[in-house]
Amino acid sequence: MRLKAILLLCLFAPAVFGQVMINEFLYDTPGTDDTNIMYVEIYGPAGTDLTGWYVVGINGNGGAAYDSVALSGEIPSDGYFVVGGAGVPNVDQVAPRDFQNAGSSSGDDCDGLNLRNGSGQIIDHLCYGPCAAGHVCNGEGGTNAPDPFPTGGITYLLARIPDHSDTDDNAADWAQTDTQTPGQPNSGEPCDPINAVLEDIRENDDNGLSLLLGDFVIFRGIVNVDNYTLDSLTESNYFVQDDNAGVNVFRGSAPQGLMEGDCVEVSGWVSHYNGLTEIVASGAGNCSFRVEALGSNVPVTPQVLTATSPFEPFEGMLVEIRNCTVVGGDPWPTGAGQNANITVTDGTGTFTARIDGDTQVGTVSQPSGAFTVRGILTQFDTSSPYDTDYQITFRYPSDVVTGSAVGDDPVTVAESFALTNAYPNPFNGIANIELSVGSAREIEVTISDVLGRQVYSRTLSNLTPGMHRIQWSPEGAAGLYFVRATSNARVETTKLLYLK
Numbered sequence: 258m259r260l261k262a263i264l265l266l267c268l269f270a271p272a273v274f275g276q277v278m279i280n281e282f283l284y285d286t287p288g289t290d291d292t293n294i295m296y297v298e299i300y301g302p303a304g305t306d307l308t309g310w311y312v313v314g315i316n317g318n319g320g321a322a323y324d325s326v327a328l329s330g331e332i333p334s335d336g337y338f339v340v341g342g343a344g345v346p347n348v349d350q351v352a353p354r355d356f357q358n359a360g361s362s363s364g365d366d367c368d369g370l371n372l373r374n375g376s377g378q379i380i381d382h383l384c385y386g387p388c389a390a391g392h393v394c395n396g397e398g399g400t401n402a403p404d405p406f407p408t409g410g411i412t413y414l415l416a417r418i419p420d421h422s423d424t425d426d427n428a429a430d431w432a433q434t435d436t437q438t439p440g441q442p443n444s445g446e447p448c449d450p451i452n453a454v455l456e457d458i459r460e461n462d463d464n465g466l467s468l469l470l471g472d473f474v475i476f477r478g479i480v481n482v483d484n485y486t487l488d489s490l491t492e493s494n495y496f497v498q499d500d501n502a503g504v505n506v507f508r509g510s511a512p513q514g515l516m517e518g519d520c521v522e523v524s525g526w527v528s529h530y531n532g533l534t535e536i537v538a539s540g541a542g543n544c545s546f547r548v549e550a551l552g553s554n555v556p557v558t559p560q561v562l563t564a565t566s567p568f569e570p571f572e573g574m575l576v577e578i579r580n581c582t583v584v585g586g587d588p589w590p591t592g593a594g595q596n597a598n599i600t601v602t603d604g605t606g607t608f609t610a611r612i613d614g615d616t617q618v619g620t621v622s623q624p625s626g627a628f629t630v631r632g633i634l635t636q637f638d639t640s641s642p643y644d645t646d647y648q649i650t651f652r653y654p655s656d657v658v659t660g661s662a663v664g665d666d667p668v669t670v671a672e673s674f675a676l677t678n679a680y681p682n683p684f685n686g687i688a689n690i691e692l693s694v695g696s697a698r699e700i701e702v703t704i705s706d707v708l709g710r711q712v713y714s715r716t717l718s719n720l721t722p723g724m725h726r727i728q729w730s731p732e733g734a735a736g737l738y739f740v741r742a743t744s745n746a747r748v749e750t751t752k753l754l755y756l757k
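The opening residue of the sequence shown carries number 258 in our numbering; numbering runs sequentially from there.
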């Protein structure tokens, strides 16, 4: 499989990796509105450049924009960016505005606030207040936030409670409060996701369970099987992979028509079922499961393995084993709706080919000669440690490929480890360093400048065989840097050129 060139266009698209959102909004004060203390708070990943972004006021009477603020600067390290009057605590950009009050003491009405990125896309959309007759502002989820009118000298505002919780439903996400917290968390336990790559999720402990088990993660990858293929037509179940790892996304809502080749960003909890690492739709904390389609038509080519390859590094990925024959196991199905675990050999060893009754693979007759087994590498190990009982699960009838196959050589894993790639090179911003791991369980990675000064050090522990990737973002001067990876007596080196 060689996804890299096309995959990078999807995985590192201009969209911010993680959500940017309107998080708190003070737009109405008792008496004459005091723009000196009114503000909009934005929450998002630290370092996000907001230059070219806009906060736009939307009139519920007709839906037109009536005012806007051109943002400038980056989201600070705490994740909160405040734009408003000079009297606002923790203000990052002074830009006083009097956004509309929606309703008033004389009656209800609605207005809106949009957050737009530099491309003009609406990143977040808030509607507040029930609309009067003939007025329209449809909030996310088809609902609107309340419109807190100041009474008794008390200033009310809107805030996401729990802090930065976004379920795409204005009524559920937003609440009226009299506690102003510009540049600080709102009440409620916030969702603090881990921005991960699939290798991070694949890293296992000694029992074969992900080191991120139970954590809420956000990652990107390519769908390698049409949704609903491996389960009923009403239960979402599919796999997502990149060049180096894969994972099962089990249940939860999914974009309509999600299919093989779609690039997605997934937010969910890390779980497992009989050793198979999964992303599930529920877990601890005030986070929200979400799957967003970012692109489509990214080709996924199977990794070529043998029956003696280490299977754990390829769990959740599309693989194939060639020149196979059936030697035992369950009888080959005679139609759809029948499950079977078929024992197969390629001459180097045996493995299990899984036919799921929810697929149509059972409609294919058992091959009479050599054939290729193609499918998702899965696992069904019922006891700890979860390090056996791997299967290759067919997806479609076309995954049973008859005839002897030639082509790519089987993927091999380094005996100890190898520093296989550092890219892009030259780079500006973030460099990716890839390691192919065999028997090594701990690798120390250091980076030094041309004067020999160490600028980065990280020890990778509890490694499993397969590809592993780390990212490095230098803080020093542009120039040549030297990467060194060490495990026991083995040392691998490469160079990186950093351009500002």
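Just so you know, these hints were derived from the structure itself, not from any lab.
Please read these numbers as outputs of a predicted model, since none were measured by experiment.
Among the hints, a few may not be true.
[Unchecked claim] Cβ pair distances, simulated, as ranges:
#1 L490 to D644: 30 to 36 Å
#2 G391 to I411: 26 to 32 Å
#3 N395 to A550: 28 to 34 Å
#4 G586 to F739: 47 to 53 Å
#5 T677 to G594: 56 to 62 Å
#6 D335 to G540: 33 to 39 Å
#7 S641 to N745: 27 to 33 Å
#8 A550 to Q728: 32 to 38 Å
#9 S489 to D365: 41 to 47 Å
#10 T716 to G586: 38 to 44 Å
#11 S489 to G540: 29 to 35 Å
We put the CB at the ideal spot given by N, CA and C, even for glycine.
Status of the hints after comparison with the structure:
1. The hint said 30 to 36 Å for the Cβ distance between L490 and D644, and at roughly 34 Å that hint holds.
2. Separation of G391 from I411 is about 31 Å and conforms to the stated range, judged on CB atoms against 26 to 32 Å.
3. A beta carbon spacing of about 22 Å between N395 and A550 contradicts the range 28 to 34 Å that was offered as a hint.
4. Taken as a hint, the range 47 to 53 Å holds for the pair G586 and F739, whose Cβ atoms sit roughly 52 Å apart.
5. Distance hint for T677 and G594: a CB-CB separation of about 44 Å, inconsistent with the stated range 56 to 62 Å.
6. Here the CB-CB span from D335 to G540 is close to 24 Å, at odds with the stated 33 to 39 Å.
7. For S641 and N745, the Cβ-Cβ distance of about 28 Å falls inside the hinted range of 27 to 33 Å, so the restraint holds.
8. In this structure, A550 and Q728 break the distance hint of 32 to 38 Å, their C-beta atoms being roughly 24 Å apart.
9. A C-beta distance of roughly 44 Å is found between S489 and D365, which places it inside the suggested range of 41 to 47 Å.
10. Between T716 and G586 the beta carbon distance is about 43 Å. The supplied range of 38 to 44 Å therefore holds.
11. A hinted range of 29 to 35 Å is violated for the C-beta pair S489 and G540, which are about 23 Å apart.
This entry does not satisfy hints 3, 5, 6, 8, 11, going by the numbered hints stated previously.
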